[in-house]
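Novice: Here the sequence shown is numbered in the numbering used here, starting from 1 and rising by one per residue.
One should not assume that every hint holds.
[Claimed, not checked] With a straight-line cut-off of 25 Å between C-alpha atoms, the simulated SDA-like cross-links for lysine to any residue are:
hint, residue 1, residue 2
1, Lys739, Tyr636
2, Lys296, Gly260
3, Lys296, Ser273
4, Lys296, Glu258
5, Lys502, Ser396
6, Lys296, Ile403
7, Lys739, Ala850
8, Lys502, Asn442
9, Lys296, Glu315
10, Lys357, Tyr197
11, Lys357, Ile403
12, Lys357, Val513
13, Lys296, Asn442
14, Lys357, Ser429
15, Lys296, Ser148
16, Lys296, Gln227
17, Lys296, Ala158
18, Lys296, Ser429
[Stated by the list, open to error] Restraint-style ranges between C-beta atoms, simulated for each label pair:
hint, residue 1, residue 2, range
19, Glu344, Leu969, 29 to 39 Å
20, Arg366, Tyr18, 44 to 54 Å
21, Asn442, Asp391, 48 to 58 Å
22, Asn442, Gln63, 55 to 65 Å
23, Thr898, Tyr504, 28 to 38 Å
24, Leu924, Tyr504, 56 to 66 Å
25, Glu622, Ala859, 18 to 28 Å
26, Asp277, Tyr504, 51 to 61 Å
27, Gly361, Ser15, 50 to 60 Å
28, Ser261, Ala373, 40 to 50 Å
Everything labelled a hint here was simulated from the structure, so no lab data went into it. Since the structure is predicted, the reported quantities are computational estimates derived from the model, not experimental observations. All C-beta atoms, glycine included, are put in the ideal place defined by N, C-alpha and C.
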Amino acid sequence: DADFYSLTPSFTSSSNAYVDSSANDATTYYYRVGAADAEGDESIMAFARHGRLGNDSTSIHLQGAHLTQTLSSDLDSGANYTIEAFVRFPEFPSIAVPFILIGDESVSIAPSGDDGLIKMNVDGVAYDGDVISDSAWHHLALTTDGSSTTLWIDGHSAVTAVGSFDVNGSLLQFGDSASTALPINIDAARLSSIVRYTNTFISISDLEIDANTLGHWKFNEGSSDDQTPFTYDRSGLGFHFMLENNYSWSMGIPETNEVGSALVINEIMQNPSSVSDPLGEWIEIHNRWFTPVHLKDFILADDGTDGHTIAVDIEIPLDGYAVLGINADTSTNGGVEIDYIFSEFSLANSFDEVVLKLPDGTELDRVNYDNGATFPDPTGASMELIAPHYDNSIGSNWATALIPYGEGDLGSPGRRNDAFSGQVAISDSLFNFGGIVEGSNNSATLTIFNQGVRHLNIDSITVTLPEYTLSTSSAIIEIGDSNNVVITFAPNAAGVYEDDLKIYSDDPTNEMVTVSLYAIGISALPDIVVMIADDDSLSAYSFPFTRIGTPRTFTMNVINIGAADLEIDEFNFSGDDDVFSVDVSSLDLLLNDTVAVNVTFDPDTTGTFNTTLSLTSNDPDESIYNIDLDGIGTEYTIFYVPDEIATIQTALDSTLEGDTINVAPGIYIETLTFPDNDLVLRGAGAESTILTGGDSSVVFTLGGGQTNATIISGFTIQNGSGTNGGGMLLDNGSSPTLKQLIFKDNTAAQGAAIYANGFSSPTVVRSTFVVNSASSAQGAGIAIAGGSNVTINNSIFWANNGTAVEVLSGSSNITYSIVEGGAAGTGNIDQDPIFVNPGTGDFHLQWASAAIDAGDPAAGTDLDGTVADMGVFPYDQSQQPPDSPYNVAAVPGNGQATISWSAPVDPRGNENGDIVSYVLYHGLTAESLTVRDTLAVTDTSYIDAGTEEYLQNGTTYYYAVTAIDTGALVSAASVTVSVIPAGGTLVLADTTHAFGQVFHDNTAAWNLVLTNSGNDVLNISSITTATELFTLSQQSVQIAAGEAETIQVTYHPDLTSGTVNDTLSITSDDLYLPSSNVTLSAESIWPVISLSTTAADYGDVPVITDSSLGVVVYNTGLGDLTLSSPYVDDTDHFTVNTGGRMLPGSSISNAKIIHALPVIGGRSVAIQTSKEETGLADTWET
């Protein structure tokens, strides 16, 4: 590490040896030798300056320049060589340019679109290697074993070709010698006398010098001599390159030698949930090297028996990723794109190892995950290495993935891990700038922090309103750093300015962060605002009904939101000004001053009153502020609790005959006693307006003889307690109308919900009585005593402790109600009303409730237009989907299925009357049904013959049906039914048959075997032949599934010569092959007799002298000829003699002659013949 640049020479020598006598024993010394000429050039100082072995920080850049050196002719006696270098291309050429040449062989780069194609040229032939598309460093090597040459690119064999290169006497060149200027950076080149690479490898930048090194150039000089610029050969063989033309030294070199850090196991999905193991398992490998890395022949293994050698080339780009998995089908692997499919390797869900090895078995990286002890143990999410430079053997350096991919599992396959990200944090989530006078401004500072493990990219920071401006709109924040954003608010008009500042970043879990901005622009001039609680710019107000003599008042706030003083000179009324008044006449308000002004309505007669209240001020744009007022004077009044009167009892005490009290939603703990006059007490609804007695007293007491003009509606009355009556006590002839009430959790000895006494006659309509308890068991709902009469309609009594309605003295008239235990009366039923959730106090009806549409038909329809329901909450059927079709059945057919169903009925047995269509679904699994067809409401069956010609027999098909109503609402699907279409499938044992030769007067038979390989009966409707020569034992047949039937086909020959052909045609209900044919052939044969002569003339023959003549009998036919009993009529003068010629087994009276060509010879005589088939072959002579 000595700084040779600043050293002075230690000694000089004129020979090539020197003895350093000053050296001490047991001490290591380092020497550097430089040569110098007579003028002293290239001294040791020059070598120190230009050839030093200090820190390597440069490479050489050639632009239209090249380095050349002719190697020694006797450099090496072998045939194995390697030339290699690291190269980088700032840009790619427009034509092919060689840049490494050794002898006649070269490595070149050619254009490939916008990229560069590395090519190898051997023995005059160019071979394509790999395409590179970046300007990063790449390692290239040419190796030869004397017979073939291989181009290695970034550690993998890109191409191999027959041919070699030699180093002896060869010209070695780096860079371009042609006219086309090729910009290239070269570093760390080496020439070797061995084949250094035989398998995939990871290239290292420190190419060592060893005994096999023939040349070694580091290109690290960093500067050069003006007269004799060289880059030096470090091998010691002196092949220095002189630097010529356009060259320069470039900073930045491929400087990484720790192969163990090249690749990192970066992400593991060991337990997917969107798909089953192991279909969705995968591993991600990240390339941290300075070149691409290739994985061919790398090994994936665990510590057990799992192991897989990567069989094909997989390139991981610089800073890129490769995803290895067991399944590349994105439809079944969870939606992950797999770069390579492995086998014989899987990932356990709990404990396992993932080991990556080099091709030679050297372990490169490993992860031992441990069932959650230190590593994450997710289900449905991958484990992500938090940062690729973290030690992946430590469990705490891993995190569970957060972002979904594909079908919903979490992970980041094939890209930067989401854990390896910047993490945005902000100093504030809200900025309130307060009030700012227009023309002025105010600023606040938002600090954005990066709490992640990688720099944070702030892509944009935005606001919407132009009154807000930002000091910066983007930033890059390093790990642990922060960035300040100055937010300035500058209003140009009065008003409220609300906006959201949005920060967009590459934080994967928080891509957008919102900061709320609020400010008020204040006018520099007076600015009037008039408001009430629910209106911040009051322009009109309507007084509620107001009783004559009982004025009503509301309060409005008058505010100055301007910087200058607001002077209101007048409050004037127009119209009915005598019944309206205010309590001020003028105002003087500073900025933000607020004055409450009371406005009163005091009608003196019944009727409607209108006026306009005008405020005259010095507000420049609203100098007259108008408010329209109206009110109705009446003999009755409406009180509002709690908006106007705090309690219900106070409101009751304030009423006169005919008044109304409207109670807002809320819980009211009161014990209420009604005045003697009739009135209306109306809650906002039984669901939201609760009256509770606190478990200690009766909630309602009515004892003033009120008539049915007293109406109580829209409440839940609960937790009342008493002896006679818990929720309500009626006495002294009180006969109120009780509507849409819930009585629950009330207790009493009798009449837990209502006790009617003293000839009272209440009417109960559309109410629900639940969980009330009568300790005497008499009237948990209602107890009737003292001659009272209670009318009940459209109500529900259920789950009470005691009788629903107990008549102690008096009578009841119950109609169209659910009464647990039953009750006499029209329309009453004893069925569970099926509340939604009575345990939580939800007494709405479920669709299956018997109370729906079971109310009094004379009571009017519900709001949805249907027949009245029972109870306090009618069921809204306007959004009720249709019921599902039922009785769904599927009947198999041949290549088809018939699906039928019944029209849907509601839970009460009523057919849905508003169905407009049905939708039929089908599929090959019950979980993957798709629409088959949409059908008219009149259709309740469907024949499915498939989307093509037919369904596949033997395959299971699934069906379900939905209904659609007039509101386009869709029912739930019916039950899913399955069906297996059934039919026969014809299998022919033969499709052709030859009967051969058959004697014309015989027949031949053949058995045609027909097999049914289908799953139902095969109907063969027709079996025919085209001619009468062939007959069939059956012309139609039915064959059971899996059975076979034999049809006998018989050939009946005639005297037709030659081969005859016919087609046996089979017609069946086999959907796949409805028509089948069997080709038939046969030949009819018979004998044909021929004589050598048909007349024998003996001429003159002396008496008592024998004369013989011969006749030859020939068979010219195809069948055997049988001669039976040759004879002559004149036996006195003629005799027949065979001349001793006999057929084996024959006699003169019965000879057989096989068909043969006529041959003349022998004696002749007229012969009578007969025919017989035989298997012999001969002629017969007589």
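Novice: All hints, please: hold or fail.
Specialist: Status of the hints after comparison with the structure:
no. : hint                        : result
1   : Lys739 x Tyr636             : 22 Å, holds
2   : Lys296 x Gly260             : 17 Å, holds
3   : Lys296 x Ser273             : 31 Å, violated
4   : Lys296 x Glu258             : 20 Å, holds
5   : Lys502 x Ser396             : 33 Å, violated
6   : Lys296 x Ile403             : 31 Å, violated
7   : Lys739 x Ala850             : 21 Å, holds
8   : Lys502 x Asn442             : 20 Å, holds
9   : Lys296 x Glu315             : 9 Å, holds
10  : Lys357 x Tyr197             : 17 Å, holds
11  : Lys357 x Ile403             : 30 Å, violated
12  : Lys357 x Val513             : 43 Å, violated
13  : Lys296 x Asn442             : 64 Å, violated
14  : Lys357 x Ser429             : 50 Å, violated
15  : Lys296 x Ser148             : 21 Å, holds
16  : Lys296 x Gln227             : 49 Å, violated
17  : Lys296 x Ala158             : 11 Å, holds
18  : Lys296 x Ser429             : 52 Å, violated
19  : Glu344 x Leu969: 29 to 39 Å : 54 Å, violated
20  : Arg366 x Tyr18: 44 to 54 Å  : 52 Å, holds
21  : Asn442 x Asp391: 48 to 58 Å : 50 Å, holds
22  : Asn442 x Gln63: 55 to 65 Å  : 57 Å, holds
23  : Thr898 x Tyr504: 28 to 38 Å : 59 Å, violated
24  : Leu924 x Tyr504: 56 to 66 Å : 45 Å, violated
25  : Glu622 x Ala859: 18 to 28 Å : 54 Å, violated
26  : Asp277 x Tyr504: 51 to 61 Å : 38 Å, violated
27  : Gly361 x Ser15: 50 to 60 Å  : 51 Å, holds
28  : Ser261 x Ala373: 40 to 50 Å : 26 Å, violated
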